[in-house]
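K.L.:
Got chain W sorted already, so can you dock chain C onto it with the hints?
Single-letter residue listing:
There are 2 protein chains.
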Amino acid sequence: MNEHVSIGIDIGGTKIVAGLVTLGGGVLYKQTVPTATEGREQILFQLQQLIKDCVKEAHQQRLPTLKGIGIGTAGQIDFKQGIVRSGTSNIKDWNDIPLKQEMQRLTGFPTWVDNDVNVVALAESHLGAAKGYDNVVFLTLGTGIGGAVIQEGRLLHGEWGGAAELGHMSVDRNGPACNCGYKGCLEAYASGTGIANRMKHMLKNQPERYDGDIENITARDVFQWAAEGKPFAKSILDEAMDALAYGTVNIIHAFNPSLIVLGGGIIDQHNWIISDLENRVRSLGISSLVQSVSFKKAAFGDEAGVVGAAYQSFLYNEFVQKEGAPHET
Amino acid sequence: MNEHVSIGIDIGGTKIVAGLVTLGGGVLYKQTVPTATEGREQILFQLQQLIKDCVKEAHQQRLPTLKGIGIGTAGQIDFKQGIVRSGTSNIKDWNDIPLKQEMQRLTGFPTWVDNDVNVVALAESHLGAAKGYDNVVFLTLGTGIGGAVIQEGRLLHGEWGGAAELGHMSVDRNGPACNCGYKGCLEAYASGTGIANRMKHMLKNQPERYDGDIENITARDVFQWAAEGKPFAKSILDEAMDALAYGTVNIIHAFNPSLIVLGGGIIDQHNWIISDLENRVRSLGISSLVQSVSFKKAAFGDEAGVVGAAYQSFLYNEFVQKEGAPHET
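Quick note, the sequences are listed as chains W and C, same order.
For what it's worth, this note's numbering labels the leading residue of the first sequence as 3, then goes sequentially.
For what it's worth, this note's numbering labels the leading residue of the second sequence as 3, then goes sequentially.
Derived by calculation from the structure, the hints in this document are not laboratory data.
Among these hints, one or two may not hold up.
For identical chains, the list gives no copy identity; a pair is met inside one copy or between any two copies.
Derived DSS-like pairs (lysine-lysine); straight-line CA-CA distance at most 30 Å [claimed, not checked]:
(1) Lys298 <-> Lys206
(2) Lys94 <-> Lys133
(3) Lys185 <-> Lys232
(4) Lys32 <-> Lys17
(5) Lys298 <-> Lys133
(6) Lys185 <-> Lys202
(7) Lys82 <-> Lys133
(8) Lys232 <-> Lys299
(9) Lys54 <-> Lys232
Only chain W is shown next, with the shape it has when bound in the complex:
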């Protein structure tokens, strides 16, 4: 075989997945370890071990020379310099880490580092739901809300890589406080955390409606109660969908995409959100912009992170590009 292969690494709060990924999106080898709770140094050591194992495996499988390493991690990433500026509270001491430089020094491979949602967008864009689309917005609805934007076939990074913080678009300047310090963010209404918080807030003001422990309410409860027809839960989901619709129209006005791809745990479990959102969006905003957008569900499952992370090597490695691999156009 002479297909390009590189190493993809997906760093999450609970686990780190590393694998050998082909240009066609095949995962030839995959290893998962729990994210070290000791933080930084221990995680860097884990990464080194995972890469060693990948290299060994590539050798055993007689694969061609690996093109490099691509890493996706939660948090705000300085893409140009490959630095984790501020990570997630789920990973200890995961801030101000010159990850690109450190990995290149430790392994000798050219390395790229980007935000976890951005690398998922690369996978969807080159191999998944957004294949063939040049202008795409990705929204992942889970514990939080993540965003990524493809413009003219390329990831939109902005000045240092902080662009597309779409979960923190406010749709109500008088709205509820968000974790980020801002008000009325999409994430404060329509993420798992947001939905649970809004339900708690309502029930604290109307304690007669609920006799359980309000603090233990989750988004899952709210979806279940709404499915059972409970009006108070339905009103919370209606608010979440309204906020999501306004946020999505703002995004469409800003980026003029032809496709919006929705993914994440909430979408996986509640497919109806996509068509409901589409209907709401079509009745709002500037017609020429909102009518020219399609909506799709993300195609990739768990492997999006590893595949998308690895894809950075194929896209940004000059050597691979010269040989005619698909580069960003």
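P.N.:
Below, chain C alone, put in the same frame as chain W:
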């Protein structure tokens, strides 16, 4: 002289300006005519005449061969095809016009057509306040609010050219209705029209505050009353600034720019808006993103439209690019 020269045309609701523009931003010749009120056919005829005069003038000045024609016009422009999709209500019958194709057919010159705010952004980006910045957002505050975005040195167009409709970003899903059909848009709070409408709305509900004709109130009145210390006018401007701050933070979260350039009639007359906005923005949103943005006033005056329009020829004309003119990087 051997500097590149092209024709720039700025089509507005009241006048059309055409000129000969150099790569350095010099305007060697300029002609202004009132926009024909008969609409489409008459305007196309005016454009043809203006171009003929420019060509004649270039000949008389012994200028090098003109590189092409760049046009900026209000409305939604399909940039790729050079079609005016929906124009402004200020220009009669200015919709669905294949302007690029039509001008190329009539004149023989390669022609580019873009939105008026986008071409102003080109002028500011290559020759004005944003020179040297790669990631910039432009906001023009006038009768309406216009937006343009430069990402990695290039105008962000989106799928067909409708991106950066930043005046129609909602900051309150329960806010006032906007002309565009959406709710809580920046334009509904902080444009000239928006400020006047919010004042009218308030005074209609509190008629004892004002004994003039409420329908005749303009934004100019509101600014003047606020300067005189009248609380009801100050509260309208405070609301406008709050909405503008939330909209700007949303924009920063979406695009991660290093610079925001503000222009338009309202900014020209009320410089204090820039520092007031900067102060408000710095206290909102995600710190790493809002703290890394500078704010500047637009550098160009009236000629931004003609110069920026002409600049399209320098940027998009392959012939010029091969000779080493600054192309978009």
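K.L.:
Which of the listed hints are not met by the structure?
P.N.:
Violated hints: 1, 2, 9; rest satisfied.
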